[in-house]
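Please take these sequences and the hints and turn them into a complete structure.
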Amino acid sequence: MKLFQKNAAELSNMLQKNEVSAVDVVQSFLDRIELLEPHLKAFITHTPAMALQTASEVDSRRNNGEKLHPLAGVPVAIKDNISTQGLRTTCASHILESYIPPYDASVITALKRAGLPVLGKTNMDEFAMGSSTENSAFYPTRNPWNLDKVPGGSSGGSAVAVSAGMAPLALGSDTGGSIRQPASLCGLTGLRPTYGRVSRYGLIAFASSLDQIGPLTTTARDNALLLNLISGYDPLDSTALPGEVPDFTEDLGRGIKNLKVGVIRQNVSEGFDPEVTAAVLKAVSLLRDHGAEVDEVSLPLTDHGLSAYYLIAPSEASSNLGRYDGVRYGYNAGGDSIDEMFSTTRGRGFGPEVKRRIMIGTYALSAGYYDAYYLQAMKVRTMIRRDYDAAFKRFDILIGATTPTPAFNIGEKTDDPLQMYLSDICNITDSLAGVPSLSIPCGISSEGLPLGMQITGSYFNEALLLRVASFLEEAGESLPMRPKVKLPEGGEV
Amino acid sequence: MSIDFSKEVDYVARLARLKLKPEEKEIMAGQLSDILDTARKVQEIDTTGVEPTSHVIDLPTVLRDDETGSSLTLSRVLQNAPRRQQDYFKVPSITAKDNGINAGEEA
Amino acid sequence: MNKYEVVIGLEIHLELKTRSKLFCSCSTTFGQEPNTNCCPVCLGLPGSLPVFNRRAIELAVTAALALNSKVQLRSRFDRKNYFYPDLPKAYQVSQYDQPLARGGFMEIESGESERIINLERVHLEEEAGKLVHAGNSIMGSAYSLVDYNRAGIPLLEIVTAPDIKSGQEARAFLEDLRSILLYSGASDCKMEEGSLRCDANISLRPQGSEKLGTKAEVKNMNSFRSVELALNYEAERQAEVLSAGGTITQETCHWDEEAKKTIPLRSKEGSSDYRYFPEPDLLPLVLEPAFIDNIYASLPELPAVRRKRLKEKYDLSAATAAQFTVNRALGDFFETAAQDYDRYNNLANWIQGDLQYQLRESGKEADDLDAKKLIELLELLDQGEINRPVAKELLTEMVNSGKSPKKLVKEKGLGRISGDEKLRPLVDQVISENPDAVENYLKGKDKALAFLVGKIMAMTKGRADPAELNKIIKERISNK
Ligand SMILES: [Mg+2]
Ligand SMILES: [Zn+2]
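Chains as they are written, first to last, in the working numbering: chain C, 1 to 493; chain S, 494 to 600; chain L, 601 to 1080.
Don't read these hints as lab results, they were simulated from the structure. All clues given are correct.
Using 25 angstroms as the maximum straight-line C-alpha spacing, the simulated SDA-like pairs for lysine to any residue come out as follows:
#1 S:K514 / C:P352
#2 C:K112 / S:S563
#3 L:K819 / S:S586
#4 S:K518 / L:F683
#5 L:K680 / C:Y370
#6 L:K1074 / L:S1032
#7 S:K534 / C:Y370
#8 C:K393 / S:T540
#9 L:K730 / C:A333
#10 C:K413 / S:T531
#11 S:K500 / C:G351
#12 S:K583 / S:N573
#13 C:K484 / C:E10
#14 L:K1006 / L:E993
Taking beta-carbon pairs under 8 angstroms as the criterion, some of the chain C residues facing chain S (in silico):
#15 Y195
#16 S307
#17 S318
#18 V327
#19 R328
#20 G330
#21 F342
Glycine is no exception: its CB is placed at the ideal position from the N, C-alpha and C atoms.
Below is the structure:
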């Protein structure tokens, strides 16, 4: 087994036992990137020199007998909406094409301190708005399971990097499903942590009340390891919550006996691809067989949640994206008057989906419409939270499909924004409620595409989600899963 | 009842400082009407007496002490400036007229 | 003009006196090199987030309490969205429908009477950056330059009810407001540094009418005096328009300090649509009642109370009490001195007159002085040890050198000259030099005696006692 085929926990063990050097580990992933990147386009910026530099520092510190973080030397890929000092951070937008942040996001500070080599910045939908990574201003990313399929989005680049063995770990961000949906479409474990669990400082905002950074990995253990590293209070983010952070690896392997499982009726819908539903229900029966108590639960506001989300997120986005005005950073189209400069810069600098959402959000907040749209959506959000509170009085976790279908074709939904929005239908209400939500692989379709299942927990209960995931990894037959990438010129790698 | 967004496009684009090409506007008007039809589903729900949620966190905001820390160096502050003059960011005159064109439209 | 009642509401912005900015730790020091007090947060760099400055909240609560405004236990921050190059995030974090404090009032002296001006609200928000216009003129420059040093400094916004009736009243209100805010320690209120700014809404309505007329917003008034001038000008202008049967258009205008008139600004396309919504990056501001109570308890004595107390306790005139309130340091000096000296009005006269003059001349502040020394001086005078001209001379010396009056009297030999021994030779000299006056005196002209006394007073620079001289001169002439 090659190094790039190993997961982060395995690499961590080997590094700690000095069986392998960090430089060798990084080099293995760099080789894999060189081989596959031309076909997959998972990255926007590659940082091989920086990664090797960090790796060699880790190696010499380890050789000096320093006690290092368990993940020291294990490389990571970073979604390109997370600010990295001195390293271009584009949000996959022309407007930030040459923007170089003068500071690190708090999660990056944590990764650097722990000694994780950064392999590069990954492709995404522009400003994280999208579900297929086709909205990147640069190029779409392809799904390693089938190069004609989308990887999901918006954290598609991060998902593909991990799925194709170009990185053992990646950070993504999830506003309305942007970690879970690509995790599902690429066969990964992707966690959206509780809102407030991970600092947003340095995460380029899309919708501030919804955005969360989270890990994309192949296994539950890897996910827990990376979550350990990025979680916790941050004095730079008023919405990062104070309080103890548990060791998320501690509960792994503790089993699921007597676990109360609610299967969300709306998320195993008849309208979904039957293979998806079947795979989810199979996993549920596995849980039942091992002592979980399973019942059905209804979250009737799912459809309204989608509507509320497509008001709240664009509204916040319309405000968050006002700062791209060509004055302090980013693209500037010039112009004779200030308003002309603003309007031309923004009109040309943003892609169509971003402009659509800015328009929707501006409209929903504008005089005369606020009450009927934005305010009403926030009230619906309250009702959704109440539904979750009620559900978590009965159940420990809620389960359903992560996505209604496996990965769809590139170009299939690009002309129909509403169809694209619907691919997040299972993810959005969790985001609105602010609860943690995990997507794990639960099978392979007849077409050979991964199928995903979403496990939702109550606030700050990530450890339980990861515990269930690790149980299913052990009890299931096909998990975790790695694709054989079929190259266009023939051959599988 | 569907909303005809074409009437709103100019006003909203102007508010959002987005100069759009005529064909862009046309496509957008249709898409925005569809999206808003879906979004309006929120109005079906009776929310009488329901408080809006603007934060899922039910905690008061945190406060920091009034202490000064280090600011960025001037070169860092200006490193991304598209246009600068001396140590300032440079912008077109704020008083020059919009040369009459609706800022919501790009020719 | 008399046909109409003028209705004015003010919107005052003032910078709170914190060390660091509202949401980041950049310094608030005035007058730094451009763009040197900036960080990712106050530049609005992508991904940056705000964290509240506790001191800004303390100062805002202090100011609100000093203005009798009701501090809310729970308030919220909102985004006010608009595009302007000095606004780094394209929104200002402000407070919309849940402000920090509601209501409030101030008593002002307007002409003869006292008037209550009600406040609508007091809220916190962030300052914008500064635009520098190339070519020095806001009109017609080809480009502008932006400095974000001021961006993010905490601002307090105070909105009055439309209770103000004239430019004079607006000015009186602002002067009292500044005094209160200086006392409370919330702000430096330096209009010249832009740390206090005032915009006004002004409309006219027929006398006796309840309905408000169409208002104009006046901006760019850079001193209390220009507030008064601008509002009076605008009231006059509106009255002329209305009297001629015209209508007022709702607009924003600039006060042109040179031309002394208001100039309408390019009207904004459509109404300004700020798309306020709750700031998702900040949680609600929740204040404990004890937090507010503590600030209330530690509020310093406020100007109105002080003015009244000075008047009553020391029996000072209204004008003097007012002066010792406006000029707080001078008033404090008075009160310190009054602990050891009970001829309060005499003390006040000296402080307001000669002392204040000397302070101005020497560029010193009242708190540079030792009140005990002034008392020493006044007591020397009261006891007749020195006379008034000497006292004035000593005061100058004392302010400049800080030396004690008693010491100075000794050093310079400025004490009283008295006793036959010292005065007789002087009297004799004057008598021999002025035989005509002696003659006249002997003829019964009392004026001649006064003339002789005056001569000696001049020779001694007033250090002799005229009564004593009178006696000795009479004695010497009759003994001849
Ligand atoms: Mg304001
Ligand atoms: Zn700053």
